[in-house]
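Protein chains: 4
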Amino acid sequence: MIRAGVVGATGYAGAELVRILSGHPEVKLNMTTSRQYAGKPFADIFPSMKGVVDLTCADYDGNQVAEKTDVVFMALPHKLPMNFVPELLKKGKKIIDLSADFRFSNVSAYEAAYQPHAAKDLLKESVYGLCEVFRDRIRTAKLIGNPGCYPTSVILPLYPLIQNGFVDAASIIADSKSGVSGAGRSLSQTSHYCEATESFKAYKVAGHRHQPEMNEILSLAAGAPVDITFVPHLLPMSRGMESTIYANLKKSVTYQDIYDCLAEFYAGCPFIRITDNGRPPDTAHVRGTNFCDIGFVLEKGKNRVILMAVIDNLVKGAAGQAVQNMNLMMGLSESAGLNAVPYPI
Amino acid sequence: MIRAGVVGATGYAGAELVRILSGHPEVKLNMTTSRQYAGKPFADIFPSMKGVVDLTCADYDGNQVAEKTDVVFMALPHKLPMNFVPELLKKGKKIIDLSADFRFSNVSAYEAAYQPHAAKDLLKESVYGLCEVFRDRIRTAKLIGNPGCYPTSVILPLYPLIQNGFVDAASIIADSKSGVSGAGRSLSQTSHYCEATESFKAYKVAGHRHQPEMNEILSLAAGAPVDITFVPHLLPMSRGMESTIYANLKKSVTYQDIYDCLAEFYAGCPFIRITDNGRPPDTAHVRGTNFCDIGFVLEKGKNRVILMAVIDNLVKGAAGQAVQNMNLMMGLSESAGLNAVPYPI
Amino acid sequence: MIRAGVVGATGYAGAELVRILSGHPEVKLNMTTSRQYAGKPFADIFPSMKGVVDLTCADYDGNQVAEKTDVVFMALPHKLPMNFVPELLKKGKKIIDLSADFRFSNVSAYEAAYQPHAAKDLLKESVYGLCEVFRDRIRTAKLIGNPGCYPTSVILPLYPLIQNGFVDAASIIADSKSGVSGAGRSLSQTSHYCEATESFKAYKVAGHRHQPEMNEILSLAAGAPVDITFVPHLLPMSRGMESTIYANLKKSVTYQDIYDCLAEFYAGCPFIRITDNGRPPDTAHVRGTNFCDIGFVLEKGKNRVILMAVIDNLVKGAAGQAVQNMNLMMGLSESAGLNAVPYPI
Amino acid sequence: MIRAGVVGATGYAGAELVRILSGHPEVKLNMTTSRQYAGKPFADIFPSMKGVVDLTCADYDGNQVAEKTDVVFMALPHKLPMNFVPELLKKGKKIIDLSADFRFSNVSAYEAAYQPHAAKDLLKESVYGLCEVFRDRIRTAKLIGNPGCYPTSVILPLYPLIQNGFVDAASIIADSKSGVSGAGRSLSQTSHYCEATESFKAYKVAGHRHQPEMNEILSLAAGAPVDITFVPHLLPMSRGMESTIYANLKKSVTYQDIYDCLAEFYAGCPFIRITDNGRPPDTAHVRGTNFCDIGFVLEKGKNRVILMAVIDNLVKGAAGQAVQNMNLMMGLSESAGLNAVPYPI
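Protein sequence lines correspond, in order, to chains A, B, C and D.
Be aware that the first sequence starts at 232, since it is given in this note's numbering, and climbs by one per residue.
Be aware that the second sequence starts at 232, since it is given in this note's numbering, and climbs by one per residue.
Be aware that the third sequence starts at 232, since it is given in this note's numbering, and climbs by one per residue.
Be aware that the fourth sequence starts at 232, since it is given in this note's numbering, and climbs by one per residue.
These are computed hints drawn from the structure, not numbers from a lab.
Ideal Cβ positions, reconstructed from N, Cα and C, are used throughout, including at glycine.
Subject to a maximum C-alpha distance of 25 Å in a straight line, what follows is the list of computed DMTMM-like cross-link-like pairs (lysine to aspartate or glutamate): (1) K435/C / D507/D; (2) K533/B / E342/A; (3) K482/B / D507/B; (4) K271/A / D507/D; (5) K531/A / D399/A; (6) K351/B / E447/B; (7) K435/B / D488/A; (8) K481/C / E530/D; (9) K482/A / E530/A; (10) K299/B / E356/B; (11) K482/C / D399/D; (12) K281/A / D507/D; (13) K481/C / D399/D; (14) K259/C / E257/B; (15) K481/D / E530/C; (16) K373/B / D292/B; (17) K435/B / D491/A; (18) K259/B / E565/C; (19) K435/D / D507/C; (20) K259/B / E257/C; (21) K435/C / D491/D; (22) K531/C / D458/D.
Over the 10 Å line for every Cβ pair with chain B, so calculated as not near, a few chain A residues: (23) A274; (24) K281; (25) P456.
Extracted from the complex, chain A is given alone in its bound form (with noise of 0.2 Å):
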C-alpha cells in the first residue's frame, strides 16, 4: 500500500483528498494535517465521515510528514508550499501540489500574479499535472503542480483543437462558471448563504489569476504567446463549474473534424466524455466525479465554435485530478479510486 498524507485537510479540496484517498484501494492515508483542527478528529470537522474516517488532524512537522508517507499532496493556499516542498522533495517524496505555487514554468508569469517565489528552481523539476496532456512528463515527475479548476475547464476542449491548427487561439474567449465550493471553506460574505443563493454575478473580470495559468498552457499548444480573454462568474451552487469558450477556426473544418480532433486526442482518456450531436454538458452530470464532459456547436455562417466543458471543481478540478495524478506517478491505474458509479440525481 502507497503511505499517502493530505497537508491542509480540513478546506474543501483537502476533505475531498481524505474522501477519496480513503477509499482508494492501494492507499493507505495515514496522516492529515490542520493548523486550525490540530489535535481533533477528522471526522468532527466533517461528521459526514464519522465511522468511516479515523484520521487526527495534526499540526505540519516535515519530519513527521516525511516518515509517514511516500507522497504527499498539499492543499495548502500558495505561498505556504513553496515554503514545505523542498524539503519533502530532499527527503524523497513525491508531492502533488494544488496550490497555484508550482503550476508555472515562467517564473516572473507565477512572481507578477501572486508573489516573490522562494523555491524557484523547483519550478523546471515540477510537472503541470493537467494528466490527458502531459501524461507521460508525470509518469516520471517529483513534483506536480496541480491545475486549477477554471484552467482545467477551460484548457481540456481546447488544447487538441489549437495543437491541431484548427482555432485562432488570438480569439479566444472564456466565460466560466464556478459553484460556491469554489471560494473555499474560509467564511466570506460572498459565500453567505443569503447572499450566494438566488445570486449570479461576474467576478475579477479579466483579471483572475488563473488566467496567466491558462495563457501559459494554451501558449506551448499554440506554439506561440496566447492571451485569451476570461471572465469568471459565481454560481448559487455548491459543486460545478463551466465554461462556454468562444474561439474562431483558422480553416474550413465540419462538425466531425472537431469531434474527430478531440476523440482522437482523448482516446484512451477514462475521465474525457465528449457528448453527442453537440448536446451541452450539464455540471449536474459530473457531480462528484472525476469527469470532464465536454460538447460543442459549430456556429453557420461565423467560422466561430462553441466549446463548453464541465467538471466538479473539487474533483477533476482538484482533488480527483490530484489523485489522478498520483495513480500516474505511481503507476498505478490512471482511474484507481476514482471509479464510483455517479449519481442519476
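Assemble the complex: chain A is given as a structure, and chains B, C and D must be docked to it using the hints.
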C-alpha cells in the same frame, strides 16, 4: 383609473403582471383570463395573493375583454396573440403583447424563427417595447411587442455603444444565463426541482429564437445588418438573468468614455443603473425589481469591452417592462407602479 | 411625516426596516446607524438599493439620533439596546426594540436566558409588540419589545385557542423551521453556502432562548404557567419560517369550532390569513410580506389539533411587525407601508 | 456473480439502484426495464452514467426478467408489483419490492390506505425489510417489502425504546421533512423548481399512507396497537429526510440509559450512527450514503425524549436499504456495495 386586463394570467409572466397591476396606483385590474383555470379564483392558483387580489379567471372572450378594459396585456405563448390582437385593436384597445408575435418588423425573420404570421399587416404598426430606446414611439403606439428577456439584457448595454460607433457589431458575443422561471410554469423535466438544482448548462446554443430578435434591433443601432453569437444557459435559481457580452472596440476609448456614452444615453431613465468602477452587477440586486444594472470592464491591451447586465427576467424581462410600456402609452409617470423599494436580500 | 431612525441598519432585520420605512408613505427615514459601516453609504452595503435609498450609515450617537427622529427602531443584538434605550426614552422618543431586551415582563426569566438586565425598571413599561394580541396596549406604548420570529409563528396560532380553553397548554409541542437569514448576516460555518444548502437539521433542541419568551406570553393566555416543548430547525433557504404545533384538545370541538375561534379572534386583522379546509400554509406564500398564514387539522380519534403557521422571519418575524407596531403607536393605519402585493413565486 | 435486475429503472429509486448495483462487487446488473423509455440506453436518461452503465431499458417481460436474473428489484408505483411478483416468485426469483405492496402483514390496513390487494396470500411470506430490526427473517426471505422512507426514519430511532419499555407509544408524534426527490421523477407543480425552492410546507397532515405502515411495525415493538401522529413536510432540497420525534417516557431514565438502549440494539449495525452528546444529526452528513444518523435530547422536567433521525431518502430510505436486504438474503456482507466514503460537503 385605467381599466386593465391580463390575458393568460396564470403563467409566471401573467401572474407577475397581476401583482404589479394590482398595486398600480392608477390602474384598476378588472379582468384576468386563463384557459386552464377558467372559473377559479386567481388566488387559488397563487395563494400568496389570498385576500389581496380578488379576481376570478375567465375564459378568453374578445368581446368581454374589450368591454371591461382600456388596455390589454397578452401573456400567452406566441401564435395565440396574433389571432386575438386584430379584433381588440379594432375595438380601440391598447395592447401590450408579451409574446414574440409583434416584436419583429421583418416578417420573414419572424417566420423563420416561429411560424407563418396571421397578422402581418400589424407588424408595421407595432412598436418594439424597449422603453429606454424607443420611448417616443411607444408613447403613441397602440400595439407593443414587449421585448424578450434575453434581448432586454443584451440590447440595453449594447445599443448606445453600437449607435455611437464604439464597438464592432460583427464581433459581439453574448453569453447569457437565466433562472428557471424563464422557462415558464409549464412542467418539464428541465424545470423539475431535482434536475434543476445544482445544475448549470447551456441550451439552444447559437439557436435560440431570441437571437434574430436581438439581431433586428442591434442592426437598427448599427445601421447595418448585425448577427451576434448568442448562447443561453440555465441557472439553478428561480428569478434573474445575467448577460456577459464581449465586443471589440472600433476606436481607442477609455473607461470614462464608455461610462459617459452609457450615462448620457440613459440619462433620466429611472430603471437603468450603471455600477461604479466596473463592479459586476448581481442578479440578486435586481430581484423583484424593474432595474437593469449594467457594469463593464475594458480589457487592457485587447481593445475589448466586456459588458455585464442583470435583470429580473419576470420584471424588466417581462411584466415590469410591459407595465412601463403601458405607463408611457397612457401618459403616466414611467415608473408608476414599479418603484417598490428593492429587498436587501 | 414621522421621522424615523434605524439603529443597526446593516444587519438583515435592520436592512429590511430600511426597505419598508423607505417606502412608507407617512415616514421619512432620516437616520441609519452601523458601527461596522459608519461613514459608508447604505447602498454600498446593499446595492439593490442604489439610487433608491440615499442614506449614509453613521456611528451611534444618542443625541444625534434623538435630534433627528421621532421614533427609533433598535435592530441590535440583545444587551446593547438596554444601554441605549433609557436615554432615548427620556428624550421623548418612541422606541421599537427588535432584540429580546424588552420582551419580558419577568426579569428573572430574561436574566436566566440572556444576562443581567441593566434597565429593569423599563420592563414594566415596555409592551410585547405582538400586534394582533396586544393592540390596545401598543397604541399607547412608548417602548415596544418586538417579538422574536419563532414566538410570533408559535403564539399567533395558539393564543386564541388557549385563551378560549380549547387546548391543554401543558401538551404543546412546537416543531419550528427557519430560513438561514434568521441567523443573521454575521458569518458562520452554519451559514456558509456549501454547508447550508442541501442540509436540514435541528439545533438548540429544547434549549432555544425563544422558548421562555413563548412561555411567558402563552402563560398569559392560559392564566397559568405554561412550559412548552420547542425544537427549532434550520432550512436550506433564505427567508421563511414554519411552525407545526401539536396540542391536545381540552374539549370536544369540530373543525368549524376551531376555525371560528381563530377567525373571531383575528377579525379585522389585516395580516392574519386562515387557510381554507386545513390547507397547510407555505412559506413561499408569505415571502416578503407581513402575513402570518395559519392552517390546522383536527386529528380524528386522537383529540389533537395540529396547527401550522408560516411567516417571513424578516418581515412579520422582525421588521414588518416592528413597522406594524409603529403604525399602531403613531395612530396610522395598521398596514401603512406594509401592503405591497405579494409575489406569485 | 449474482445476476440482478431493476424493474422500473428510470424513476429516482430505480436509477439509484442502478447506481449502487453497477458498483456492487458481487453483482452483475444485467436487466433494466422501463415502460416509458423502453429501447433507450439507460445513460440517455441519466447522462451522468454515460460510459459507466451500459444497459438498455427493456419493456417488462416476466419471462425475460426471470431468465436473466437471480434477484429482482421492483421499483414501480404500488399496485403494479402485486401483479408481477407471484410469477417471478414461482420461477424461484428472490424479490425486493420497493413499493408498499408487500410491506403490510395486515391486508386490511393495506387496503384501507391503498387499494384491493391482488396477491394477499403472499403477505404472510413477505418480510418487512428494515434490516436492523428484522435481519434474521430477512436472511431467509424470498420476498421483501422494502420500507418506506418516512417509516425508516421514524421506526429506527423508536423501535429499541418502545421494545424496552422506555417510551409511551401512545404519546408519539413524528414531525418529518423530506427532500423533493421523495416525490419522485414524475412532473408536478409541487416539484417545479420555482415552486419548490424557497418553500417549506406540511402536506397530507395526519393522512399520509406511511402512517399505517409505521403503526404496524411500532405495534410489534410495543406488543399492542400503536397509532402515532405523523406530519410530513416538503423541504427545498433534493435528497435528504429528517424526522424529529417526540415521546413521553414511561420510566425515569438518564441520557446514558437511552444511549445504551440504542447502542446495544444497534451494536454491529454498520449503517446506524448515534451522534455524540445529543448533537442533532444533519441530512447533509448522510447524503448519498446508507447511514441513518440518530441523535436525541432528554427534556428535563418534562419526562420527554426528543429523537432525531436523518437518512438519504433515496438510499437508506429506498435503494440502499434494498441492496442491504439483498446482501442479507444472498449471504453477502451486509454492507457490500454500500460503503463508499461519504462526501465532506
